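> Start from the sequences and build out the full structure, keeping to the hints where you can.
Protein chains: 2
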Amino acid sequence: MATPPRFDVVAIGNAIVDVMAPASDGDVERLGLAKGGMTLVDEPRAQELYAAMGPAREISGGSAANTLAGLAALGAQCAFIGQVADDQLGEVFAHDIRAGGIGFATAPRAAQPATARCLIFVTPDGQRTMNTFLGASQFLPADALDDALIADAAVLYLEGYLWDPAEPREAMRRAIAAARGAGRTVAFTLSDSFVIARHGDDFRALIADHAIDILFANEHELAALTGEADFHAGIAALAPHVPTLVVTRSEQGAHAVSHGQAAHVAAVPVAHVVDTTGAGDLFAAGFLFGHVRGLPLETCLQLGAICAGEIITHYGARPEADLKALTADLLSAR
Amino acid sequence: MATPPRFDVVAIGNAIVDVMAPASDGDVERLGLAKGGMTLVDEPRAQELYAAMGPAREISGGSAANTLAGLAALGAQCAFIGQVADDQLGEVFAHDIRAGGIGFATAPRAAQPATARCLIFVTPDGQRTMNTFLGASQFLPADALDDALIADAAVLYLEGYLWDPAEPREAMRRAIAAARGAGRTVAFTLSDSFVIARHGDDFRALIADHAIDILFANEHELAALTGEADFHAGIAALAPHVPTLVVTRSEQGAHAVSHGQAAHVAAVPVAHVVDTTGAGDLFAAGFLFGHVRGLPLETCLQLGAICAGEIITHYGARPEADLKALTADLLSAR
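These protein sequence lines map, in sequence, to chains A and B. Letter by letter, the first sequence follows residues 1 to 334 of the working numbering. Letter by letter, the second sequence follows residues 335 to 668 of the working numbering.
I should point out that these hints are in silico values taken from the structure, not numbers from a laboratory. What you are looking at is a predicted structure, and each value in this text was computed from that prediction instead of being measured. Keep in mind that a hint or two might mislead.
Covered stretches of chain B, as calculated for chain A (at least 3 residues, CB under 8 Å) [unchecked claim]:
(1) 417-428
(2) 545-553
Computed far set for chain B versus chain A, every beta-carbon distance over 10 Å [unchecked claim]:
(3) 360
(4) 365
(5) 379
(6) 385
(7) 434
(8) 472
(9) 503
(10) 533
(11) 536
(12) 576
(13) 629
(14) 654
Okay, the calculated beta carbon distance ranges per label pair [stated by the list, open to error]:
(15) 32(A) <-> 532(B): 48 to 56 Å
(16) 460(B) <-> 252(A): 30 to 38 Å
(17) 584(B) <-> 230(A): 37 to 45 Å
(18) 600(B) <-> 322(A): 46 to 54 Å
(19) 32(A) <-> 388(B): 35 to 43 Å
(20) 378(B) <-> 324(A): 31 to 39 Å
(21) 607(B) <-> 24(A): 45 to 53 Å
(22) 663(B) <-> 25(A): 21 to 29 Å
(23) 655(B) <-> 251(A): 42 to 50 Å
(24) 600(B) <-> 229(A): 56 to 64 Å
Just so it is clear, CB atoms sit at the ideal spot from N, CA and C, and this is done for glycine as well.
Below you can see the structure in the form of structure tokens.
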């Protein structure tokens with residue numbers, strides 16, 4: 001019998017520090033931002049937006065890194081691969097991920113550009129409008145991968161955002177091959193419709209090649225990938241081609257189809273949505289935690305909903321409440 | 335008639351970014367920290383403590399800078415003088431203070447050490463245990479002062495913390511002379527008992543020389559400065575020697591004596607104290623706002639209590655709620 005893997009989940013993602021401030025809808029409009037979306041920006045535009053931003057706070061972010069933070073808080077063994085620069089924000093990112101109990105050994109990059117940052121304008125409705133300067137993150141080289149680490153994790157989790165820049169895309173292709181070679185599960189999040197607009201053919205090819213075992217999407221990404229405007233038509237079109245499909249719908253909950261079995265979960269009611277940043281990331285955390293513990297599909301969805309419900313009650317995409325305590329009833333009921 | 339000053343308050347203080355994380359009482363004990371206190375640490379100790387800290391968030395801080403953030407949020411015209419380094423945390427500090435509408439023109443310092451940071455362990459009771467690496471902040475040179483700016487502000491506000499390092503101490507002495515020369519009000523916060531232990535003679539001399547018009551202290555600092563263990567005995571000993579004395583007592587409210595008139599305010603009830611960092615700083619903000627608007631002593635105290643009550647409901651020492659809205663009833667009732 002093969003040795004069980006040392007890690008539950010290893011993830012490759014952007015290593016980003018979020019810079020977050022409240023903003024009015026008028027601010028978002030005046031600055032020409034796409035409300036609710038994620039826009040890549042270059043350094044001059046990042047500086048322009050930062051100068052227009054109110055007093056902010058800095059909290060580590062990055063989609064897959066947020067997911068690992070949730071997984072680790074639930075008790076999973078995790079490791080992260082991502083590129084920071086050798087600067088103060090890079091130290092902040094590395095500190096926060098390691099302090100969460102997550103392995104992180106990617107060496108900081110000595111050259112410019114700086115560590116990635118995401119300028120997030122949070123409107124009174126809790127919606128987040130993200131503007132990402134990818135900086136060092138887009139230079140993650142394929143040779144920064146540790147194939148042995150990837151082979152030693154039950155799940156390889158990849159973030160679609162990182163498919164956009166060329167170097168990390170090659171790293172992710174190599175990581176998929178390493179995970180596949182070791183018989184591991186590959187989970188992938190589509191991240192954002194703009195990524196699908198640019199790389200949809202790649203994603204469809206990965207799916208056709210059976211390279212993705214668990215696919216995460218929100219309803220907009222589902223529509224973009226399948227061309228089906230209707231939610232259920234999109235699910236019906238995609239589900240037969242991936243072993244497990246998980247689609248989130250914000251306050252309408254989430255659907256999953258796994259090996260022909262379908263399940264649904266309602267969103268966890270939240271008295272006051274403060275900041276939706278990281279809702280999808282934390283949903284994926286809960287779902288993957290259930291998956292690596294071998295729990296039923298519906299329980300995986302419920303775990304996702306609890307984690308997503310926690311993250312939107314406060315600023316930032318890293319959990320603040322005790323996720324183990326929040327999920328204890330659900331897990332002990334089993 | 336003289337031109338009215340352009341600024342309400344100009345402050346000189348440490349330019350610090352707070353690095354904040356929840357911690358248990360066990361953590362605080364294990365790390366050998368003085369719970370509830372402020373301890374100066376060198377860079378190796380700061381690194382050691384940071385490595386032992388959980389996932390954190392970064393929020394601009396610095397005692398006098400926090401006070402200005404509150405004053406500006408209330409609608410006062412403010413400017414800050416303090417030293418950051420030419421690094422990312424320095425940019426964060428400068429951004430946040432300027433984004434709050436506060437003038438800040440002190441040039442960043444190109445050399446090492448880095449921008450000051452304060453590692454703050456927040457225990458479940460909301461108490462904060464601060465460990466400050468002063469970094470660039472302690473190198474504020476006297477020639478960084480803008481005497482014309484100081485002369486153009488109704489109040490010069492000085493933070494006792496900054497009395498400890500030699501260079502800023504000289505800068506503050508010069509600032510007091512500039513304010514005095516222009517007939518302006520000098521306000522001073524004693525900051526921490528350790529500062530009084532080291533520099534109490536200086537402070538007593540400043541008071542004897544009538545160099546301080548408004549003195550802020552908490553009950554511990556009052557006891558340290560006067561040698562009177564009893565609170566009211568301390569007030570009685572000190573009040574005759576400063577035109578206005580303001581002493582805060584945490585959940586027991588605050589007392590003030592101004593030109594022989596005494597007033598008291600109860601603390602604003604708070605359902606759940608999350609983080610007491612900045613409570614004294616924001617009390618000073620509210621009080622000084624009332625002062626520069628020429629409001630009665632009791633109203634000044636009430637404004638202080640409202641601002642202190644806001645800051646302890648969330649992480650960080652910069653206001654999040656709309657202080658103008660929170661104080662509107664009090665101000666319109668006048």
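> Residue 472(B) clear of chain A by more than 10 Å, beta carbon to beta carbon?
Check passes; 18 Å lies beyond 10 Å.
> If I claimed the Cβ atoms of residue 655(B) and residue 251(A) lie 42 to 50 Å apart, would that claim hold in this structure?
25 Å, violated
> Mind verifying the non-interface call on residue 629(B)? Its CB should be farther than 10 Å from each CB in chain A.
Label holds. Min Cβ-Cβ 26 Å, cutoff 10 Å.
> Per the stated criterion, does the least C-beta distance between residue 533(B) and chain A lie above 10 Å, as a non-interface residue requires?
Holds: least Cβ distance 31 Å, greater than 10 Å.
> Between residue 663(B) and residue 25(A), does the C-beta distance stay in 21 to 29 Å?
Hint holds: Cβ distance 27 Å, inside 21 to 29 Å.
> Are at least 3 residues of the region 417-428 of chain B within less than 8 Å of chain A when you compare beta carbons?
holds (count 4)
> Just tell me: holds or violated, for the beta carbon distance of residue 32(A) and residue 532(B) against 48 to 56 Å?
52 Å, holds
> If I claimed the Cβ atoms of residue 600(B) and residue 322(A) lie 46 to 54 Å apart, would that claim hold in this structure?
At roughly 33 Å between Cβ atoms, residue 322(A) and residue 600(B) fall outside 46 to 54 Å, so the hint is violated.
> Going by Cβ atoms, does residue 379(B) stay more than 10 Å from chain A at every point?
16 Å, holds
> Between residue 378(B) and residue 324(A), is the Cβ distance one that fits in 31 to 39 Å?
Given about 34 Å between the Cβ atoms, the range holds.
> Hey, does residue 576(B) actually stay past 10 Å from chain A on C-beta?
32 Å, holds
> Holds or violated: is the Cβ of residue 654(B) farther than 10 Å from all Cβ atoms of chain A?
Not fine: 8 Å to the nearest Cβ puts residue 654(B) too close to chain A.
This entry does not satisfy hints 2, 6, 7, 14, 17, 18, 21 and 23, going by the numbered hints stated previously.
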